[in-house]
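Student: Generate coordinates for the entire structure from the input sequences, incorporating the hints supplied.
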Amino acid sequence: MTDHAFIELAIQLAKENIEQGGRPFGAVIVKHGIVVSTGVNQILISGDPTSHAELNALRQAAQNLNTTSLKDCVVYASGQPCPMCLAALRMVGVEKIVYAYSNADAEVYGLSTAEIAEKLRLEPHKQDGLSFSQLKPNCDHKLYDFWKQKNM
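Residues 0 to 151 in numbering that gives the first Met the number 0 are what the sequence shown lists, from first letter to last.
Quick caveat, the hints were computed from the structure, so don't treat them as lab data. Fair warning: there could be bad hints in the mix.
Claimed, not checked - Derived DSS-like pairs: lysine-lysine, alpha-carbon spacing no greater than 27 angstroms straight-line:
{"id": "1", "residue 1": "K30", "residue 2": "K70"}
{"id": "2", "residue 1": "K125", "residue 2": "K147"}
{"id": "3", "residue 1": "K147", "residue 2": "K135"}
{"id": "4", "residue 1": "K135", "residue 2": "K149"}
{"id": "5", "residue 1": "K14", "residue 2": "K95"}
{"id": "6", "residue 1": "K30", "residue 2": "K95"}
{"id": "7", "residue 1": "K95", "residue 2": "K118"}
{"id": "8", "residue 1": "K70", "residue 2": "K95"}
{"id": "9", "residue 1": "K125", "residue 2": "K135"}
{"id": "10", "residue 1": "K147", "residue 2": "K70"}
{"id": "11", "residue 1": "K118", "residue 2": "K135"}
Tutor: So this is what it looks like as structure tokens:
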């Protein structure tokens with residue numbers, strides 16, 4: 000299959016999701032030319048605000064491949080991934096993302112995440128509408144040292 004075929008599959012998933020009462024987002028994850036997972040946006044159906052198409056496909060791919068590294072995978076998405084999805088895809092090593100519709104295309108419909116992406120480019124303490132601070136614990140536990148000891 001070609002990039003166009005995988006994009007068409009992501010769009011078809013999004014259309015089917017609309018028919019089921021969901022939002023217009025679908026994603027396909029491909030490894031070496033083979034579809035390893037698909038996902039659709041389920042936030043309205045599940046009530047889970049993190050149930051985005053890319054994240055659902057990512058979770059399924061990790062299970063199907065029995066790994067948390069998707070370095071050799073390509074993500075095809077009907078829409079430009081939001082900052083949350085983009086961060087998750089980066090964290091699992093995805094190096095290529097192909098999408099059909101941009102934030103500019105989505106903006107007219109109230110589906111753009113460009114404003115959130117812009118805010119996230121600022122340091123957390125400089126972002127409007129977000130109180131962000133560090134509070135060190137009173138105990139002398141070294142949480143990360145504890146983790147390292149348990150995982151050696």
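Student: Decide, hint by hint, whether the structure agrees.
Tutor: Results of checking the hints against the structure:
1. Proximity of K30 to K70 is assessed by CA-CA distance (about 9 angstroms); at most 27 angstroms being required, the pair is judged to hold.
2. Between the alpha carbons of K125 and K147 the distance comes to roughly 33 angstroms, so the proposed pair goes past 27 angstroms and is violated.
3. Restraint check: the Cα-Cα separation between K147 and K135 comes to about 19 angstroms, which is no more than 27 angstroms; the hinted pair holds.
4. The hinted pair formed by K135 and K149 meets the criterion: a straight-line CA distance of about 22 angstroms does not exceed 27 angstroms.
5. With a C-alpha separation of about 23 angstroms, the suggested pairing of K14 with K95 holds against the 27 angstroms cut-off.
6. For the hint pairing K30 with K95, the CA-to-CA distance comes to about 11 angstroms; that is within 27 angstroms, so the pair holds.
7. Restraint check: the Cα-Cα separation between K95 and K118 comes to about 24 angstroms, which is no more than 27 angstroms; the hinted pair holds.
8. About 9 angstroms separates the Cα atoms of K70 and K95, which keeps this hinted pair within 27 angstroms; it holds.
9. A threshold of 27 angstroms between alpha carbons decides the hint, and for K125 with K135 the separation of about 21 angstroms falls inside it, so the pair holds.
10. Proposed proximity of K147 and K70 is supported: the alpha carbons are some 25 angstroms apart, at most 27 angstroms.
11. This hinted pair checks out: K118 and K135 have alpha carbons roughly 26 angstroms apart, not beyond 27 angstroms.
Hint 2 alone, counting from the list given before, is not met by this structure.
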